[in-house]
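Protein sequences appear in the order of chains A and B.
Residues 709 to 1246 (the numbering used here) make up the first sequence, in order.
Residues 897 to 1214 (the numbering used here) make up the second sequence, in order.
In short, the hints are calculated from the structure, not lab data.
Predicted model, so just to flag it, every value in this text is computed and none were measured.
All C-beta atoms in this analysis are idealised placements derived from N, C-alpha and C, irrespective of residue type, glycine included.
Treat the hints with care, as some may be off.
Okay, the calculated bits of chain B under chain A, using three or more residues with CB under 8 Å as the criterion [claimed, not checked]:
(1) 1043-1054
(2) 1090-1102
(3) 1162-1175
Listed here are the chains, written in short residue letters.
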Amino acid sequence: MAAGVRRHQTLFVVVALAVLIFSVVGAHRALQAAEAPRRGGVLLAVIGADPPSLDPHQESTFANIQLVAPLYSTLLQIDPYSYPKIIGDVATEWTISPDGLTYAFKIRQGVRFHDGSPLTAADVKATYDKIVFPPEGVLSIRKNAYTAVERIEAPDPSRVVFKLKFPSASLLNNLASPWNVIYPKRYLDRDPNYFKTNVMGSGPFKLKAYTRGATFEGVRNPDYVVRDRPYLDGYKFFISPETSVRAAAIRSGRAHIEFRDLPNAEVEAIKKQLGDKIMVQTTPMTGQFGIAINSTAKPFTDVRVRKALTLGLDRYTAGKVLYGITGLKLVGGLMRPGSEWALPDAELQKLPGFWKDAEKSRAEARRLLAEAGYPNGFKAVLKNRNVKLPYQDFAVFAIQEWRKIGVEVENRPLETAAWFNDGQNTGNFELIVAPTVEYMDDPDQFLGRYVTGSTQNWGRYSDPGLDDLFARQARALDHAERDKLIREIQKVVLENAYYMPGLWWMRNVVHWAKVKNYVAPPSHYTNQKLQDVWLAGD
Amino acid sequence: MRTYVVTRLLLIVPTLLGVASLVFVIMRVIPGDVTLLILGGDQAGRIDASQIAALKHRLGIDQPLLTQFGTWLWGVLRFDFGTSLWSGRPVVEELLIRLPLSLELALAATIVSVLIAIPFGMLAAVRQDTWVDYLVRVISIGGLAIPSFWVGILVILFLVIFFGWGPPLEFTPPWVDPWANFQQMVWPIVTVGYRYAAVTTRMTRSSVLEVLREDYIRTAWAKGLRERAIVIRHALKNAMLPVITLIGTEFAFLIGGLVVTETVFTLNGVGRFVVDAVAHRDYPVVQALVFLIALGFVIVNLLVDLTYAWFDPRIRYR
């Protein structure tokens, strides 16, 4: 009897252990299966606009880069999983000479363009020659970022060397630009504008079709240099300028993702309806909405008037009011709050327009206006782009704030072309809404616009001291020294109210949970190659 | 009749020439420069004068205005409307991508509208000041008062919220996949058709009411004809002239005038194409589209005029 009980006990223990082991192994395998990338499927995305052209070298809109980035390779790239780390794309490794004047890159072997031709150092050189030293009639909107570059050499098919005139602290960041896609040399030689309407890349996807106003499609590149990538069979963007339509497309499952941004109200409605089927990645964005002041137009030639206007903006309340409807939220200086180069709050809050006490700021604004000869305020026109989100809402808030210090400002929305023309080209404005959006938190990118003569310097001010600070920071290879100079630049701009930063944007990337391996970076220009993205089963 | 048709056809020439000249001038005097738009992108800058000049030369817009106009007109005579300044593709090719969708929407919305408007307009007139009349009037005034795009957004939200379903985002021609086409097109057709039907119902009702008070209708009643015969054979046919005119004008409008509805339902139609082209200062596209839409209006008007004789045999064309 006792022996029988023991036998049963032993049998029970053995069975229990077996069940336990099989359960653990099974669960592990199931977990592995659940996490293992799945091949196939077409990623469906919605986007708010058509690209002005297909050439990223000549464009600066998400509507270009989100569509074409999967078709191309770049020399370097921002790590899709670890912003802002720089990693190679067609470059496998690189060295920097001790004097910081020579950057040598080794080019990955086996990369092929979609027509089957190999990508070599000559193509990288031709691409960067077009960007840094554009031939006549070819636009290179980023050449100013490479003023340090003296020449580019391709001593052999697997090596590219950048020779610099002076050290450049931002060069690697600039070479990781998502816009600097590598073009085949022979196409560039034939027509440097070929890529405005055509695509010939070496990326994980090939162009399948583009119908303006409707769809943009890419199909898997079977010869892509990274083995077993991409996971997707293709991707397809549906183009719709209407935010509610894009949100409805996500809600109905007609689209899997909206890469740029959806307003909070839409995001909440989607979350409420779809629960854990949906994921929202909210990140602070490398973009800021502010106002340029024409320093050549009276009364804005007077620093007291400019200061009064920036003091009149209660940014802390603006962040609370505007976030829900526009995504504008964070108060910061000229570099993104929380980023490596941002002014610490303690320093920022000493500067005009960033004091925590709004009433004290308004009192000081009124005092400055009276001192400048405008005790009863004055009237002005704020030119703006006729785009609702967030341009109009932001302007409406600013205008009602300025009314509290006696300044009556009229919001004048303009069509994009006229807005550019008045703001950038002719300086035909008093105040104008002028956002700054870049692909990463790089000081050269964000602060270059405050330099004398920069075409991004819409306010048209000239401060030799500021120019000198900018030039020094661009060359400063020592991080601490550069940080000090960057803080100084921000203080000079903000104390003189050369420009009025408004609020920094928060980005809501909404996607179905079955979209895997996509990490939303702070910029809607980067991590768009879709090389590692995959779709889980329903 | 033949003389009338030939005269009307000949009149198309100065009409279109006038339209072409007007659009050509308007596109060049409104603020904004296509070269800046092309070079400037969304937030770009750093454009210098030589780049602008080079692009103007490449696009051929550095020529004197008269030369540009002449070149364009010569192209039109050969049915060559030029090349889009933005896409670099021939305008006709771009238009042919969008025309089937716009034609389908316009035709189907017209059919929906006619099928709703004429019976209900007639019924409301015949049953004037009864609950039937009031109901038809309320529904038709609703159609006039509520913008189509708003109805469209409500339709989409209703489908998405209550059924978790939304219409396809991409146009599939009916000859490729009729079911996919139906799923996408039925909603804008109903939305546009409702507004269109509202206008036409009102017009049908007023027109039938007017005719019902005519002497010959009274005579018909006196002769002891049945109501159906009086209303359909005598009243409706004679009341159709203004209704037909309205249907013709609305149909021509629908080809290029449904910008917002097309946006709401992600339809890549002619309306959005026109607006997009204006925003981008794509001169050849705008000129071609306005020219062709004007041509459509003129032809539809001519056809409407020619149908008058069928409805009213007293009409003579001279």
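Hints, one by one, checked against the model:
1. Given as covered by chain A, the region 1043-1054 of chain B passes the check, having 3 residues with a CB less than 8 Å from a CB of that chain where 3 are the minimum.
2. Coverage of the region 1090-1102 of chain B by chain A is violated. Counting CB-CB distances below 8 Å, 0 residues qualify, and the rule asks for three or more.
3. Interface restraint, the region 1162-1175 of chain B with chain A: holds (6 residues with C-beta to C-beta distance below 8 Å; minimum three).
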